[in-house]
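J.: So you can see what is in the structure, the chains are spelled out below.
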Amino acid sequence: MSILEFKGVTKDYRLGETTVQALRGVDLSVGKGEFIAVLGASGSGKTTLLNLAGAIDDPTSGEVSMNGRNISGLTDNEKAEIRNSAIGYIFQTFNLVPVLTSLENVMLSLQIRGGRTADIRNEASRRLDEVGLADFMLHRPDKLSGGQRQRVAIARALVTRPTLILADEPTANLDHQTAQSIIDLMKELNEKEGVTFLFSTHDQRLINEVKRVVRIDDGKIVQ
Amino acid sequence: MLMWLTISFRNIIKNGRRSLMTVLAIALGYAAINLFQGYVHSTYEGLTNAAIHGEGLGHITIFKKGYLDQGKLHPERFQFSKDEVERISGIVRKEADVQLVTPRLSVSGILSNGRSSTIFIAEGLVPADDKEIRGDLSRYASFSGSYLDDKERAGVVIGSELAAMLDLKVGSDAVVLSNTYSGMANALDAKISGIYNTGNTATNDKMLLMTFRHSQDLMDFSGAERLVVLLKDGRNGKNLLSVLGRLEKDLADAGFSVEMKTWNELSVFYKQVKNLFDMIFLFIFIIVMVIVVMSVVNTMSMSVMERTREIGTLRALGLKRPGVKALFATEGALLGFLGSAIGFVIFLTVYALITAAHPTYVPPGSSNPVPLRVDLVWPVLGRSVLSLAVLALLAAYVPARRSARMAIVDALGHI
Ligand SMILES: Nc1ncnc2c1ncn2[C@@H]1O[C@H](COP(=O)(O)OP(=O)(O)OP(=O)(O)O)[C@@H](O)[C@H]1O
Ligand SMILES: [Mg+2]
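In the order they appear, the protein sequences are chains L and Z. Take the first sequence: its position 165, counting from 1, is numbered 216 in my numbering, and each next residue is one higher. Take the second sequence: its position 36, counting from 1, is numbered 72 in my numbering, and each next residue is one higher.
This is chain Z alone, in the form it adopts within the complex:
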């Protein structure tokens, strides 16, 4: 086998210029695939973080069974009562991986400054719990004022665009209006304690955060719409599903009829971005594949043609047909490896440049520039070496098979 490797390697060197073109095509393909994957990886990490912590989705959300289908039509039927909230929370807290479980209530209605008004969508949340999930929002550069606090029950935090529309400042008084679950209109005083940019143009003009108790008052209700579960650090990943499974069992055993969703099922944005990226990746991968296959087939066909007499000789010396195929397949795989190796160097160079220059860009749907980052994902880098080598091997196999089938006499007579 070493001899075939020797022959392949020396032939690649011998046809330096031709091999170089193929190797470069593979190298650029390798670099393109991995730079994109590295970018996607960094983006996913950001998106995951944004969904779990930024959007405040936590890891798992528990709804009353049927809420996801009909909850919007008949919200009053799919709420947890005060007693249910307490008992479910108690069961969830027993799970070792759980850091906290917190109730939420979503409210929509109208925010008024006394003269004019506009719609809002609000989350009623427990300030201390939310700080643990989202981190301290008030430390964000775009945040002015202070965050929700149970001592300031009527305090609200609103999106900066919403604040601008109603000319509300930190400290301004306002009124929130909504319908209770029993269908009664209800209005409560509110005080703007904080204003921030939600980072998303679609929510920045509607978002309102209020204390959980304030939202209960507004809805005239003592229970919660859903329960958000945050797992301990680093327990996302594979662990998430097993925790989900255990919680499902424990709650069912206790007689609760609930449904649970993980953060990635709930984050519409995450799903859309992931679908888009998967699509682009497929596209890039197909292009790279076509280029690699075509250039390897081309190079190896030329190689096979030039070495027809050599093939005839090897067959006359007793090499069997699979041996001939192996010889050229080895050469193809070697081209794949060399290409990937050079591609890795190109990747590292670009990676180093990006890391050094940290460029930023404004992604669609976002209102802040974000840094363009590329992650070093070793398993992906390794796997693409392998897949390109296998691809090149398969591409070389086509001309190799043709040559192996040729009659020996014809191959020997070939000038």
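Here chain L stands alone, though its shape is the one from the complex:
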């Protein structure tokens, strides 16, 4: 049973007079517990694909469904609820809230959902511990290295126990060694806890051990 399904999805961007076809008919199915890398050159449509998968953008045509439910027809609030409950995001630029500590950043997604602060804090610190940042809970992002920041972001994505974690070039701003350790962490979480990952990269070296690789070129899946 697939948790994410693309059926004939296209996405056009209008740039003044011209129209850029970022995706030209994508079919894709992601099953529970999968660990998928989307590989493609710059401008091939990786970010667009992940944005559509994450309900933060709508397709021009075709259908994106999450757990069997078409998400493009939903209202803004319904999509927000899906993003909060079913999806975890990891960004290339980490996107931590600068004025919050690691712990508060991780607590954020749960706090958006609501609940007892004490429970939320416990859950968040457990996740930070899991990504190896037990000693950095009270640090602000500007006191952390790039790799550490991305670990905080991973903990933040994990903390809501989402169906799917999306990561758009999570390692592009990191040196190779740190990048590899981030991919390893994601893989470990996938294997140990069955978290489903869909991430993009243009770095061939990082995906040698990844079982399923989706290659995208000029808005089409080529393999």
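Don't take every hint at face value.
Simulated crosslink set (DMTMM-like; lysine to aspartate or glutamate; CA at most 25 Å straight-line) [to be verified]:
1) 187(Z) to 159(Z)
2) 356(Z) to 129(L)
3) 361(Z) to 127(L)
The calculated label-pair distances, taken between Cβ atoms and stated as ranges, are [to be verified]:
4) 345(Z) to 244(L): 25 to 35 Å
5) 125(L) to 422(Z): 38 to 48 Å
6) 129(L) to 422(Z): 32 to 42 Å
7) 242(L) to 345(Z): 26 to 36 Å
8) 119(L) to 345(Z): 48 to 58 Å
Hint data in this document are derived by calculation from the structure and do not stem from the laboratory. Given the structure is predicted, the values throughout are model-derived calculations rather than measurements. A virtual CB, placed ideally from N, CA and C, is assigned to each residue, including glycine.
Use these hints to put chain Z with the ligands onto chain L, whose structure you have.
T.: Frame of chain L, contents of chain Z with the ligands only:
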């Protein structure tokens, strides 16, 4: 919600210099509004006192119905007879809040020293009652001689400018001339028992006070023009209108056709000053409002712009549009609160300085310097904190709404 407060507060601290400018603008606005309100409050208190006690208006004045419209044209038709004065006074005295009710007669005419003369406007009053309303005028610094006394029926007290014009001194003899209600000219002897500065340049050269009985003699009349009611201490305020209502009913039930006015309706000066102050306050308030709104909108627009990616991130994490608005509105309200808090400190500082230095000034239309005072009016101080916070919140709402509407992808792609 605590998290939004944390984020807002830390962002305000983080952008210290920018926040400081906004907070100071709000603080100065707060201080300006409240210093002015405190000054106005102290002035109103003085004016209220001046009208009720100084001008001798008491709290309520009872006229015969129609007096206010036509009393000047046909004074003889709108006077209370002796019998009416007694019966109305009896009814009014039964009201528990009433301290006293006293008859008055106004007279105008000519005051002469034997060689020259000038016009006067006079009040005929019961000396003992008037002492209760006005306090002891003879204790005023500008008063020389002694006050009216029923034992000295022909004694009069006059304004110092009037005294100077006719070269009258305490103890001088004079003559008062007027027309009776039946149209006959009448002249009576008078003796200057006191001279004082009325405190108002418009009346200081005309004012004459005489005993009620003396004024009745001059007008050849045994009734009164009006009845002045003084309430017991501290019964002004809200109580005034309910007393008024009860008196109206009681007098109507007894078959009297009267009209009543409260002191603030009768004091022209009070009304003018109040209108002027209300106008100035509106003006100050609009300026403060514009400055506060503009600086908050400016600060929050910058904040929203810088944090566009953060907004995109929060939306991607599932924050709904109202949540984004709430985040920035919180920050605006917080700026409002901080500004008011600092404004309160500025206010207290200036308040302390004024209280310590007690400066004086001569207001227009007055002949004596009065102290410049500022009152501490807690409800106003509190209410302006709230209104500035709400104002700042609303000002922040404008840029917040814009940011909440932005497409998430665009917000995330924002550098
Ligand atoms: N907001 C936009 N407006 C116009 N064109 C866009 C927009 N976003 C993407 N595109 C275009 O759509 C195509 C696909 O872009 P996308 O960002 O998905 O590629 P990508 O594979 O993520 O590239 P990169 O590796 O550089 O991040 C590109 O040609 C890009 O120029
Ligand atoms: Mg991209």
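J.: Determine which of the earlier numbered hints do not hold for this structure and return their numbers in increasing order.
T.: Hint 8 alone not satisfied by this model.
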